[in-house]
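Chemist: Chains Z and E supply the protein sequences, listed in that same order.
Quick note on numbering: the first sequence equals residues 1 to 649 in our numbering.
Quick note on numbering: the second sequence equals residues 1001 to 1649 in our numbering.
Treat the hints with caution; some may be incorrect.
Stated by the list, open to error - Where chain E lies over chain Z, by a calculated footprint (3+ residues, C-beta under 8 Å):
#	region
1	57-66
2	107-117
3	337-347
4	383-395
5	556-564
To be verified - In silico DSBU-like links for lysine-lysine, alpha-carbon gap of 35 Å or less:
#	chain 1	residue 1	chain 2	residue 2
6	Z	Lys438	E	Lys1646
7	E	Lys1439	Z	Lys271
8	Z	Lys318	E	Lys1149
9	Z	Lys340	E	Lys1143
10	E	Lys1192	E	Lys1646
11	Z	Lys7	E	Lys1271
12	E	Lys1372	E	Lys1296
13	E	Lys1258	E	Lys1276
14	E	Lys1439	Z	Lys513
15	E	Lys1149	Z	Lys340
16	Z	Lys108	E	Lys1296
17	E	Lys1007	Z	Lys325
18	E	Lys1138	E	Lys1149
19	E	Lys1341	Z	Lys149
20	E	Lys1143	Z	Lys325
21	E	Lys1193	E	Lys1258
22	Z	Lys525	Z	Lys247
23	Z	Lys363	E	Lys1318
24	E	Lys1341	Z	Lys138
25	E	Lys1341	Z	Lys7
26	E	Lys1007	Z	Lys319
27	E	Lys1108	Z	Lys247
28	E	Lys1193	E	Lys1286
29	E	Lys1138	Z	Lys340
30	E	Lys1439	Z	Lys453
31	E	Lys1340	Z	Lys143
32	E	Lys1340	Z	Lys175
33	E	Lys1341	E	Lys1222
34	Z	Lys193	Z	Lys175
35	E	Lys1192	Z	Lys103
36	E	Lys1007	E	Lys1149
37	E	Lys1258	E	Lys1340
38	Z	Lys318	E	Lys1193
39	E	Lys1222	Z	Lys247
40	E	Lys1057	E	Lys1107
Just so you know, the hints here were simulated from the structure itself, not pulled from any lab data.
By construction, the Cβ of each residue, glycine as well, lies at the ideal position given by its N, Cα and C atoms.
There are 2 protein chains.
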Amino acid sequence: MLAADGKKRVVIIDVSPQIENGRYPAKAVIGEPVTISANIFGDGHDEISASVLVKAKGDRVWKEFPMHFINNDRWEFKLVPEKAVFYQFQVLAWIDHFATWKKGLLKKIAAGQDVPIELEIGANIISEAAGSAKAKEKITLQKWAAQIKGASTEAAVEIVTDQQLELAVCNCRDKETTTVFPQILNIDVERKKAGFSTWYELFPRSAATEPGKHGTFKDVEKLLPRISRMGFDTVYFPPIHPIGEDKRKGRNNALTAKAEDPGSPWAIGSKLGGHKSIHPDLGTTKDFQSLVKAAKKLDIEIAMDIAFQCAPDHPYVKKHPQWFKWRPDGTVQYAENPPKKYEDILPFNFETDDWQGLWQELKSIFDFWIEKGINIFRVDNPHTKSLAFWEWVIPAVRKDNPQVIFLAEAFTRPRIMERLAKIGFTQSYTYFTWRESKKELEEYITELTQTDKRYYFRPSFWPNTPDILPPHLTHGGENAHIIRLLLAATLSASYGLYGPVYEYGLTTPMPGKEEYIDNEKYEIKHWNWEEYTRIREMITRINRIRKENTALQSTWNIELAETTNDQVMCYGKADISNGNTLLIAINLDPYNTHSAMVRVPLEKLGIPTDAPYMVHDLLSGDKYQWQGEWNYVALNPHEMPAHIFKVEY
Amino acid sequence: MLAADGKKRVVIIDVSPQIENGRYPAKAVIGEPVTISANIFGDGHDEISASVLVKAKGDRVWKEFPMHFINNDRWEFKLVPEKAVFYQFQVLAWIDHFATWKKGLLKKIAAGQDVPIELEIGANIISEAAGSAKAKEKITLQKWAAQIKGASTEAAVEIVTDQQLELAVCNCRDKETTTVFPQILNIDVERKKAGFSTWYELFPRSAATEPGKHGTFKDVEKLLPRISRMGFDTVYFPPIHPIGEDKRKGRNNALTAKAEDPGSPWAIGSKLGGHKSIHPDLGTTKDFQSLVKAAKKLDIEIAMDIAFQCAPDHPYVKKHPQWFKWRPDGTVQYAENPPKKYEDILPFNFETDDWQGLWQELKSIFDFWIEKGINIFRVDNPHTKSLAFWEWVIPAVRKDNPQVIFLAEAFTRPRIMERLAKIGFTQSYTYFTWRESKKELEEYITELTQTDKRYYFRPSFWPNTPDILPPHLTHGGENAHIIRLLLAATLSASYGLYGPVYEYGLTTPMPGKEEYIDNEKYEIKHWNWEEYTRIREMITRINRIRKENTALQSTWNIELAETTNDQVMCYGKADISNGNTLLIAINLDPYNTHSAMVRVPLEKLGIPTDAPYMVHDLLSGDKYQWQGEWNYVALNPHEMPAHIFKVEY
């Protein structure tokens, strides 16, 4: 059997972005360029041309864009999606006989050869194109063909270098010899916030100003202007549902709770309700919706926590016993990591024969809260629930609500983190919290931005969480908090803080653990919301800088810069499309002043190399005139551990 | 729509070897281990088990082999194929409830917990397995289940750690929850020579001992014992067909030939015949077949050159004018690279409407020579012929003759070299000829052996060819010839030489070119076959060492070793399966003696780290006692530029 496409001489492979052979869409946001590229080559020395066909969902016709040769048989086209919908693209390429002939002709003319036969060959190529052209183009092409035949060398050069001729011939390319990459690939283009967001985590029950009182949604509503002033656009609540009473944990995770202990919000469900109910002490559904609306007015979205697990007294246990594993002693199997037992948490059994019923019910939880105005979900430990479930539920939810954002709170092995991102999570927690040295940070950001992860794994950098107080914060105090804040906020377009605790720079761990003592997970806190802290001031400044500088609104544009000091990290970020160029230098040592020569990647940032340029520190307001690649910085962590320079040229 | 496989909690991705998603088979040879691996993981903390199903073509049933966890969710199984046929494999994996339970049970017991409920749970798991077991196993499993329920802790530990129990439960795994990687992947297992071969290139017309005479196949037959003594197993001839007279090139590629000039063997075809004919001065078909047989007796195979191009007087031009491009002046389009013209060579037009006819005829050329006893083809410039054609013709030829070996003579861009290998070429010429420094050589061998190329691109290293006399040979003379020979012969399991010219160390280039002057391509040579040369002595020694040391019969087992001198390159090669371990140290500088400390990769080579070991130089016969990682070498290129140590421990 001969191949059907024996005349197609061009090969197209390694098309990018292509997540697992196109099984999953690549991720992008409105206005963010997506580089579509492929290895394209043929036999011999003929010229090749290549195009991308692009269609946004809802469009009726494909648009064709020419690809450009880069190097080593790599071709690319930069697509800037304009709508938050799925885009489709397909790559095609062909031996371009016209271009081959034209190139040869010009070389022969340059070498002083006589070209009458070549002109006749060219006329034939153009005539042939005319054969499959539409009416108007046909006449023009025929005219060109006639002109070229027997033209003088000068006239021939003028005609063949006419762009119009090239375009007209290209439009008539031969289908039989054009290679089309078989797969139509997808790009999931989302709203801007999917790629650029600034999160503040807050326990609503600690929002009361009056000590001893259980905070309410109304209390949180009063805090919104303050959070807005700090520059956050997303406020994320731990679960707001009734908390289990059976096996409830006490303060500092004590095995037995005292009567007044409020319990962990992640032990979801009691006789008062489950995942679709609100803890009565927080307020009513109406209060909640009022809060969501008030936030919206300040350009803040409320993000909800979705933790698919149950306290022993969650209504599901009685209503849907088939969704749990039962032990021979008639109790439900609790979570365990032998020999440890977590008796207050019952996991769902995703191998239940009623898995369809379970999946549908869990989906209905998302739908329920979307209906109440929520469009962002932070998903608790998604890696301990069936991956097949997420692969189904996220697209299913987004089918009717494409604006919904899912943040995966998975701190687990790399392959699983990657998987969750591929199968649909919009954003992902990362290993940032444990990347401390310059080398570690540079390697990690390179992995995130320069490998194929770039098209499916959108990082969200969190310096702390209610579960994680890293030792560098414990030891480095206020200065370390500022350093880690500035790193998170400038390395990643999305970042978040576990709020009040960070603002006040709390640093005391549970003995022997990397976790806060007297953890808010198990008790109600009261914060002095008005007290000045240096950390809060820095949060406010960096968030304003992020809003005003589009270069910080992408994670992918980082250019690492060499420095002469391992404690000084430096990188550039440029938004070439609107000329916003930043250069960030950070002292990673919270204790000592460090100075360094830093090597500005001028070319990659688009900074002219032949003239001095101004660098304007957006943190301090200082301005310096720099010149060439190598320049000097000195950073005192007790004053200001970083420069965030806006480069002006 | 819910996914159909909602209960399958394990994910299998990135299965290797997998060439372009399984479109092409991975390459292997008989007895060479193939590492089948995959990323395999599931949600949560349950234990996973994984298997590979394997079937050789012709087998009726799949064999199942357990995969082993390596790290970072990577699992693997080493398959050693025993037959030179296509193998198929498929990966499967499942949550192993028995293993999960067993691991938890042992941890709980170790922590001193009471486990009566756990034993009951385990008994249930085993009973459930018994449910789907076959008669005999069912009874055994039921017995085990009964024993475990209520067993003492000690008895329970004994039962659950019984391998037989584990196997029996595994055999009864639940299909509904077992993930099967959807693709069945192929491995093309070939005869040993596909991966290990030693080539000698020779122009038969230069084989005559009497000056002024045209060499014949009979003359070559007389040379075979000599070539065999030098240790070659493959003798490759440039084309042996009638040579075109029209536009024939003279000596040193002169535009016009003199009457006595024999022409280039690559200008194929004249009134005397084409690709299926033999140049009458070389002898008859009978002579050729006699030569092939005589070679076989010496374990030498004759490799033929296949150059799909025609001299202007090739019979095809008149008989199949549709296979060529015609110019408006009534001549056939010759090969050109504007402004250069190659008027003596007419390429086929692979875009001809009669491409099926052309393909079939070209295939028939292979079939014709296979029928005459040829099983190895060196294909001239495959990258200037349609890639789709090769993708079709190689499997088509091998369908009836799987033993046939194709060597791609492509010196072109990386993506095209890779493509030719993927679509079927058994072996490939490489960039070795232009990799000179230690850094270049190390990077190149790493790319060939440590990336996915390893499963489709089999290198053949050639220090020279009739087309290439690299400057390092010109300048470095005899010593450089020996250095490059030893590199080629030890870095790559397949290598070849353009013979007599190399043996005699000829080094004079055409002025301004990297090509031999008075090139044998355009004239008949006469060699003094009996003269001693130091280079020939080294060829003989290294080829004997290659035959006697299986570690040199694989390209994939290289372990680069650090050295303290950039002119000294060092690497180990070990065939662990039969304890053959070599350590090669080469001085890359043909002019000066260099010494260095070299760091032996003891662990990777399987050498014990706690005792001295003997290294026995197979080139010089010297023996040394070495100890630990770092040892000393000094290499004088005028005496012996390398050690090839056999490591004895």
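Chemist: Hint by hint, note whether the structure agrees.
Modeler: Hint-by-hint comparison with the structure:
With 0 residues carrying a beta carbon less than 8 Å from a beta carbon of chain E, the region 57-66 of chain Z misses the three-residue requirement, and the given coverage is violated. Counting residues of the region 107-117 of chain Z whose beta-carbon sits less than 8 Å from any beta-carbon of chain E gives 6, enough to reach three: the coverage restraint holds. Three residues within the 8 Å Cβ limit are the bar, and the region 337-347 of chain Z against chain E gives 4, so the coverage statement holds. A stretch counts as covered by a chain when three or more of its residues have a beta carbon under 8 Å from one of that chain; for the region 383-395 of chain Z and chain E the count is 9, and the coverage holds.
Only residues whose beta carbon comes within less than 8 Å of a beta carbon in chain E count, and the region 556-564 of chain Z has 0; fewer than three means the coverage is violated. Note on lysine 438/Z and lysine 1646/E: the hinted pairing is violated, with a Cα-Cα distance of about 44 Å set against a maximum of 35 Å. Between lysine 1439/E and lysine 271/Z, the direct Cα distance comes to roughly 70 Å. Violation of the 35 Å bound is thereby established for this hinted pair. Distance restraint check for lysine 318/Z and lysine 1149/E: the Cα-Cα separation of roughly 28 Å lies within the 35 Å cut-off, and the hinted pair is therefore satisfied.
In summary, the hint linking lysine 340/Z to lysine 1143/E is supported, as the alpha carbons are separated by about 31 Å, within the 35 Å threshold. In summary, the hint linking lysine 1192/E to lysine 1646/E is supported, as the alpha carbons are separated by about 23 Å, within the 35 Å threshold. A threshold of 35 Å between alpha carbons decides the hint, and for lysine 7/Z with lysine 1271/E the separation of about 30 Å falls inside it, so the pair holds. With a C-alpha separation of about 13 Å, the suggested pair lysine 1372/E and lysine 1296/E falls inside the 35 Å cut-off, and the hint holds.
For the hint linking lysine 1258/E to lysine 1276/E, the alpha-carbon distance of about 26 Å falls within 35 Å, and the restraint holds. A distance of roughly 47 Å separates the Cα atoms of lysine 1439/E and lysine 513/Z; the hinted pair therefore is violated under the 35 Å criterion. In summary, the hint linking lysine 1149/E to lysine 340/Z is supported, as the alpha carbons are separated by about 23 Å, within the 35 Å threshold. Under the criterion of a C-alpha separation no larger than 35 Å, the hint pairing lysine 108/Z with lysine 1296/E is inconsistent with the structure, at around 51 Å.
For the hint pairing lysine 1007/E with lysine 325/Z, the CA-to-CA distance comes to about 15 Å; that is within 35 Å, so the pair holds. Only pairs whose Cα atoms come within 35 Å are accepted, and lysine 1138/E paired with lysine 1149/E is accepted, the gap being roughly 17 Å. The straight-line distance between the Cα atoms of lysine 1341/E and lysine 149/Z is roughly 22 Å, inside the 35 Å bound, and the hint therefore holds. In summary, the hint linking lysine 1143/E to lysine 325/Z is supported, as the alpha carbons are separated by about 25 Å, within the 35 Å threshold.
Between lysine 1193/E and lysine 1258/E the alpha-carbon distance is near 42 Å, which puts this suggested pair outside the 35 Å criterion. Pair hint lysine 525/Z plus lysine 247/Z holds up; C-alpha atoms about 22 Å apart against a cutoff of 35 Å. Distance check on the hinted pair: lysine 363/Z and lysine 1318/E sit about 73 Å apart at the alpha-carbon level, beyond 35 Å; violated. A threshold of 35 Å between alpha carbons decides the hint, and for lysine 1341/E with lysine 138/Z the separation of about 33 Å falls inside it, so the pair holds.
Distance hint between lysine 1341/E and lysine 7/Z is fulfilled; the C-alpha atoms sit about 25 Å from each other, no more than 35 Å. Our distance criterion of 35 Å between C-alpha atoms is met by lysine 1007/E and lysine 319/Z, whose separation comes to about 21 Å. Of the pairs offered as hints, the one joining lysine 1108/E and lysine 247/Z holds, with about 21 Å between alpha carbons and a cut-off of 35 Å not exceeded. Restraint check for lysine 1193/E and lysine 1286/E: the C-alpha separation of about 26 Å stays at or below 35 Å, so the hint holds.
Restraint check for lysine 1138/E and lysine 340/Z: satisfied, since their Cα atoms lie roughly 34 Å apart, inside the 35 Å limit. Taken as a hint, the lysine 1439/E and lysine 453/Z pair is honoured in the structure, with Cα atoms around 30 Å apart against an allowance of 35 Å. For the given pair, lysine 1340/E sits about 31 Å from lysine 143/Z by alpha-carbon distance, which is consistent with the 35 Å threshold. Taking the CA atoms of lysine 1340/E and lysine 175/Z, the gap is near 31 Å; set against the 35 Å cutoff, the hint holds.
Between lysine 1341/E and lysine 1222/E the CA atoms are separated by roughly 40 Å; this puts the pair beyond 35 Å, and the hint is violated. Between lysine 193/Z and lysine 175/Z the CA atoms are separated by roughly 42 Å; this puts the pair beyond 35 Å, and the hint is violated. A distance of roughly 46 Å separates the Cα atoms of lysine 1192/E and lysine 103/Z; the hinted pair therefore is violated under the 35 Å criterion. With a C-alpha separation of about 28 Å, the suggested pairing of lysine 1007/E with lysine 1149/E holds against the 35 Å cut-off.
Simply put, lysine 1258/E and lysine 1340/E have alpha-carbon atoms about 22 Å apart, close enough for the 35 Å limit, and the pair holds. Under the criterion of a C-alpha separation no larger than 35 Å, the hint pairing lysine 318/Z with lysine 1193/E is inconsistent with the structure, at around 69 Å. Proximity of lysine 1222/E to lysine 247/Z is assessed by CA-CA distance (about 94 Å); at most 35 Å being required, the pair is judged violated. A C-alpha spacing of about 45 Å is found between lysine 1057/E and lysine 1107/E, which places the hinted pair above 35 Å, so the restraint is violated.
In summary, the structure is inconsistent with hints 1, 5, 6, 7, 14, 16, 21, 23, 33, 34, 35, 38, 39, 40 from the numbered list given earlier, while agreeing with the others.
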